[in-house]
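Undergrad: Spelled out from the first residue to the last, the chains are:
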Amino acid sequence: MKIIIIGAGEVGFHIAQRLSEENQDVVLIEKDPIKIREVQNVIDVQAILGSGTNPSVLIEAGIKESDMLVAATDSDESNLIACFYAQYLTDYITKIARVKNSDYMKHREIFNQDFLNIDLIINPQSEMVSSMLRLIEVPEASEVIDFADGRIKLIGITIKDNSPLVGRKLSSFTDFEHVILVGVIVRGEKVIIPSGLDTIQPNDLIYCVIHKENTGSIFRLMNVREEGLGRIIIIGGGETGLALATSLDATTINTKIIEKDGQRCLELAEKLKKIVVLNGDGTDREFLLEENIADVDIMVVITGDDENNVLISLLGKALGAKKTVTRIGNLSYIPLISAIGIDTVVSPRLSAIRAILQYIRKGKVICVAPLKGEGAEAIEFEALETSDIVNIPLSEIKFPKEAIIGAIVRGEEVIIPRGHNMIKPHDHLIIFALKGAIPKIQKLFTVKLEYF
Amino acid sequence: MRFRQIFRLIGILNFFLGLSMLVPLSISLIYSDGSFFPLLFSFIITSGTGITLFFLIGKINYLSLSQREGMAIVTFGWLTAGFFGSLPFLFSGSISTLTNAYFESISGFTTTGASILANIESLPKGILFWRSQTQWMGGMGIIVLSIAILPFLGVGGMQLYKAEIPSPVVDKLQPRISETAKTLWRVYLFITLLEIGLLFIGGMPLFDSICHAFCTMPTGGFSTQNGSIAQYNSAYFDGVITFFMILAGINFSLHFKFLKGDFKVFGKDPECRVFLLILAILICLVTFNIYGTIYNSLSHALRRATFQVTSIITTTGFVTANYATWPALSQIIILLCMFIGAMAGSTGGAIKIMRIILLAKHGYQEIFRLIHPHAVRSIKLGGKPVPAEVLNSIWGFFILYLGLFIVAVIIMSLIGLDIPTSFASVAATIGNVGPGFGLVGPVNNYLPVPDLGKWVLIFCMILGRLEIYTVIIMLAPAYWRK
Chain S
23 MKIIIIGAGE VGFHIAQRLS EENQDVVLIE KDPIKIREVQ NVIDVQAILG
73 SGTNPSVLIE AGIKESDMLV AATDSDESNL IACFYAQYLT DYITKIARVK
123 NSDYMKHREI FNQDFLNIDL IINPQSEMVS SMLRLIEVPE ASEVIDFADG
173 RIKLIGITIK DNSPLVGRKL SSFTDFEHVI LVGVIVRGEK VIIPSGLDTI
223 QPNDLIYCVI HKENTGSIFR LMNVREEGLG RIIIIGGGET GLALATSLDA
273 TTINTKIIEK DGQRCLELAE KLKKIVVLNG DGTDREFLLE ENIADVDIMV
323 VITGDDENNV LISLLGKALG AKKTVTRIGN LSYIPLISAI GIDTVVSPRL
373 SAIRAILQYI RKGKVICVAP LKGEGAEAIE FEALETSDIV NIPLSEIKFP
423 KEAIIGAIVR GEEVIIPRGH NMIKPHDHLI IFALKGAIPK IQKLFTVKLE
473 YF
Chain F
2 MRFRQIFRLI GILNFFLGLS MLVPLSISLI YSDGSFFPLL FSFIITSGTG
52 ITLFFLIGKI NYLSLSQREG MAIVTFGWLT AGFFGSLPFL FSGSISTLTN
102 AYFESISGFT TTGASILANI ESLPKGILFW RSQTQWMGGM GIIVLSIAIL
152 PFLGVGGMQL YKAEIPSPVV DKLQPRISET AKTLWRVYLF ITLLEIGLLF
202 IGGMPLFDSI CHAFCTMPTG GFSTQNGSIA QYNSAYFDGV ITFFMILAGI
252 NFSLHFKFLK GDFKVFGKDP ECRVFLLILA ILICLVTFNI YGTIYNSLSH
302 ALRRATFQVT SIITTTGFVT ANYATWPALS QIIILLCMFI GAMAGSTGGA
352 IKIMRIILLA KHGYQEIFRL IHPHAVRSIK LGGKPVPAEV LNSIWGFFIL
402 YLGLFIVAVI IMSLIGLDIP TSFASVAATI GNVGPGFGLV GPVNNYLPVP
452 DLGKWVLIFC MILGRLEIYT VIIMLAPAYW RK
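Chains as they are written, first to last, in my numbering: chain S, 23 to 474; chain F, 2 to 483.
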């Protein structure tokens, strides 16, 4: 597949890197010659110097023979114009645009078939809001991703010192093996796809698949506090803050939102019903104490400033907030986060990357979730009748070492697989894999398709 | 610097180089010319060494070659390829000393075409074919060939590609580097086949057609005849070879675009227009200079001038006339051609038209700035602004080219060669041209140059082919520091 990506910013760059590693033909258009050089040194794509909103650059990039256009610059207008020209130049291309401004989102009709004909609009902010809402739903986890329409949840949990799991081999999990499978262990900077012989250590971040109904019992098993969610404080009343607050406004959760700018506070107060709007500075210790930060279950820090967010989260933790959700824009900070004691991170860029990759791989792959700085991925696949892996016991499949099947979803049933289980056609599989193993997995699942 | 990585790739490279010896091996079987065993031994040693290195070192991740490592692989790859390429000459007894054999082999791979052989026709057919084949492989690049063959190079391939491709700006024709390399080789192969066909139709024996086409397209210049192309004395062959030398001197991405259906591409490309213009002007000048003084008929003068100017400016080095006996103006033009070279991205050597255009524009810009001190101007090529770093790298290249040229000339004169020989031998090798003036003139060869001089020239040939930076960086102490 030939894919044109416009903009070699963090979003464009990561998507290009991912797709080129998966052997797609990628052409990247970027205005900045320095970025072009960086790209050429690091990823195997064709990089073209120029503006994506210039039709002749698009033609030079070969838009007429391309299958997909991903407009991922930081400017909504550039992205839309690029899609507009793409529509004008060729009829059959799939168009994905990253659009931030919520004003555009209110008039979605301009994106539909009669006009721009954009196949997918990625709004990083709304992607981020929905991932925050999922986190709030399962507050014990540092990451929650839905699979199989939400019936299966992939959760990331940091193991505490007092957890009963500490020091146990995975093969000894007989008491609850039918409900849980540990797919990935993140230990410091290392990402491990575990075998039965691996043990769990304190401060590991583990990713496991669980059935939606079992969430409660799992958390009991792990000795993780499971109480109802009482209070949330949102720091930062920007567009994301407002969108999150609006969603929470409809629930019974006691929510406060803190915003520095008095004028903006008035706007927020006009738009929100029950939620308490506070005018103050999130870095102000006295102010946070006054607002009873110690009793807060989740503190969501989403101001526009990464460094500030990190510091506010640390301050909140020190003052007794049970859990923090922190917005980090700069992806290079993400590997550091757990080291300095921040629980959970949301990132508009990571959300955008996730959404775009999911869409691009659609078809064979139903859902993809990059885990922890993208060292590993959880992928939902549909097993095809023609595939080599169906109807033989799992223990006989030559599965790459760096990957593991986390769950088999057969209709309503969810199976946490063991060696003797078999994959039937049309089963959905959830697979954990390190980055390097993904092409192998895709091959394993689609190899016979190529006969057609 | 991860040496395991570097040596393993060099191992693979030599393994494939050895495999390519199977072609002359089968030629030697057809003609049963006695070069079968020399070629067989060369094949076994080359491939054997390659595969041993490959397996001794074991599996390595290639995805992340740094620019430095890429340059090391390319430089050492070329040095070892030159060594293994000299084995057939040594084993068959065609060339007796290692220095001479290495000189001939490097002259082949770098597409220089400077030979130390006096009686070429006496060589066995298999060896003659190998001699042409080294040029053909070296023209588009042995590294580019391995990028095309080896799928796992990925991004690392880009570092190798940049280090080998002779051009100040690297153009990726396809999204993926391996596809780019394959495309270039396909275009190259296609044009070569075309030339073989045209030569064969004109009555040249098939073996000679292949060998000459193999030496035209890389702008190499080895001939199977003692008297080079002049031996045939055929206007048809002169014409065909001139045409293909011009093609070889044009950027191969233009050929690719032309074959894809963009027929106006040559006229649209600013560098190509300048190249053809310079070529036309120089041919006219030489024609009128030699008409009446050397040749009595205008058509004869035009034919000789066209062939010789094209041959030298594209850095091919085929000969149809002894230009060393021409009037001074013509000789000066021929000498200048050795420095100008063909287009960037072609198989030709020397400074190249693109760099000369940009240097000239930069020079003019400085004059303009003196007239209008407040003027803001950017240097453009074909309407596109040229980034300052490209200009800087071109200036650097130019200075290094001249600097190294001067150093080498001084060494050559120290060895005891006369002025024209010192000048021309260095100009003809660093520019990958082949024939020069004086002792190494168009009807002579490089055998009389003392051994030390030959090694200097070998170094010049590699410098020229890999466009200086890739090789010279190895000599910088900072390169080896961790």
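Think of the hints as simulated: they come from the structure by calculation, not from any bench.
The structure displayed is predicted, hence computed values, not measured ones.
No residue lacks a Cβ here, since even glycine has one placed at the ideal position from N, Cα and C.
Hints should not be assumed to be uniformly reliable.
Claimed, not checked - List of simulated lysine-lysine pairs, DSS-like, C-alpha gap at most 30 angstroms: (1) LYS381(F) with LYS57(S); (2) LYS126(F) with LYS163(F); (3) LYS126(F) with LYS53(S); (4) LYS182(S) with LYS128(S); (5) LYS183(F) with LYS86(S); (6) LYS362(F) with LYS24(S); (7) LYS24(S) with LYS295(S); (8) LYS173(F) with LYS24(S); (9) LYS57(S) with LYS385(F); (10) LYS269(F) with LYS173(F).
Unchecked claim - So the derived label-pair ranges between C-beta atoms look like this: (11) PRO386(F) with ASP141(S): 29 to 37 angstroms; (12) ILE368(F) with ASN45(S): 46 to 54 angstroms; (13) LYS385(F) with ALA340(S): 54 to 62 angstroms; (14) LYS212(S) with SER379(F): 22 to 30 angstroms; (15) LYS385(F) with ASN352(S): 50 to 58 angstroms.
To be verified - Going by beta-carbon spacing under 10 angstroms, a handful of chain S positions derived as facing chain F: (16) ASN45; (17) LEU50; (18) ASP66; (19) VAL67; (20) GLY72; (21) ASN184; (22) ASN236; (23) VAL412; (24) ILE414; (25) PRO415; (26) LEU416; (27) SER417.
Undergrad: All hints, please: hold or fail.
TA: Hint check results:
Taking the CA atoms of LYS381(F) and LYS57(S), the gap is about 20 angstroms. The hint holds against a cut of 30 angstroms. Simply put, LYS126(F) and LYS163(F) have alpha-carbon atoms about 35 angstroms apart, too far for the 30 angstroms limit, and the pair is violated. The hinted pair formed by LYS126(F) and LYS53(S) fails the criterion: a straight-line CA distance of about 54 angstroms is larger than 30 angstroms. Between the alpha carbons of LYS182(S) and LYS128(S) the distance comes to roughly 44 angstroms, so the proposed pair goes past 30 angstroms and is violated.
Simply put, LYS183(F) and LYS86(S) have alpha-carbon atoms about 22 angstroms apart, close enough for the 30 angstroms limit, and the pair holds. With a C-alpha separation of about 38 angstroms, the suggested pairing of LYS362(F) with LYS24(S) is violated against the 30 angstroms cut-off. Between the alpha carbons of LYS24(S) and LYS295(S) the distance comes to roughly 48 angstroms, so the proposed pair goes past 30 angstroms and is violated. For the hint pairing LYS173(F) with LYS24(S), the CA-to-CA distance comes to about 15 angstroms; that is within 30 angstroms, so the pair holds.
Annotation: proposed proximity of LYS57(S) to LYS385(F) holds, straight-line Cα distance about 18 angstroms (limit 30 angstroms). As the CA atoms of LYS269(F) and LYS173(F) are separated by approximately 19 angstroms, the hinted pair is consistent with the 30 angstroms bound. Take PRO386(F) and ASP141(S): their Cβ atoms lie about 35 angstroms apart, and the range 29 to 37 angstroms holds. About 51 angstroms separates the C-beta atoms of ILE368(F) and ASN45(S), a value consistent with the hinted range of 46 to 54 angstroms.
With their beta carbons about 55 angstroms apart, LYS385(F) and ALA340(S) fall inside the hinted range of 54 to 62 angstroms. Take LYS212(S) and SER379(F): their Cβ atoms lie about 49 angstroms apart, and the range 22 to 30 angstroms is violated. Range check, LYS385(F) to ASN352(S): about 33 angstroms between beta-carbon atoms, so the 50 to 58 angstroms window is missed. Interface hint at ASN45(S): satisfied, since its Cβ lies 8 angstroms from the closest Cβ of chain F, which is below the 10 angstroms cut-off.
The interface hint given for LEU50(S) is met, as the beta carbon of that residue sits about 9 angstroms from the closest beta carbon of chain F, less than 10 angstroms. Hint status for ASP66(S) relative to chain F: holds, with the closest Cβ pair at about 5 angstroms, below 10 angstroms. With its C-beta approaching chain F no nearer than about 6 angstroms, VAL67(S) sits inside the 10 angstroms limit, and its interface hint holds. Interface restraint check for GLY72(S): the shortest CB-CB distance to chain F comes to about 9 angstroms, inside 10 angstroms, so the restraint holds.
With a least beta-carbon distance of about 40 angstroms to chain F, the hint placing ASN184(S) at the interface is violated under the 10 angstroms criterion. A cut of 10 angstroms between beta carbons decides the hint on ASN236(S): the least distance to chain F is about 39 angstroms, and the hint is violated. Violation of the interface hint for VAL412(S) is found here, the shortest Cβ-Cβ separation to chain F being roughly 29 angstroms, above the 10 angstroms cut-off. Taken as an interface hint, ILE414(S) does not check out: its beta carbon lies about 29 angstroms from the nearest beta carbon of chain F, beyond 10 angstroms.
Hint on PRO415(S) is violated. Least Cβ distance to chain F is approximately 30 angstroms, over the 10 angstroms limit. For LEU416(S), the interface hint is violated, since its Cβ never comes within 10 angstroms of a Cβ in chain F; the closest pair sits about 28 angstroms apart. Restraint check, SER417(S) versus chain F: the minimum CB separation of about 27 angstroms is more than 10 angstroms; hint violated.
The earlier numbered hints that this structure contradicts are 2, 3, 4, 6, 7, 14, 15, 21, 22, 23, 24, 25, 26 and 27.
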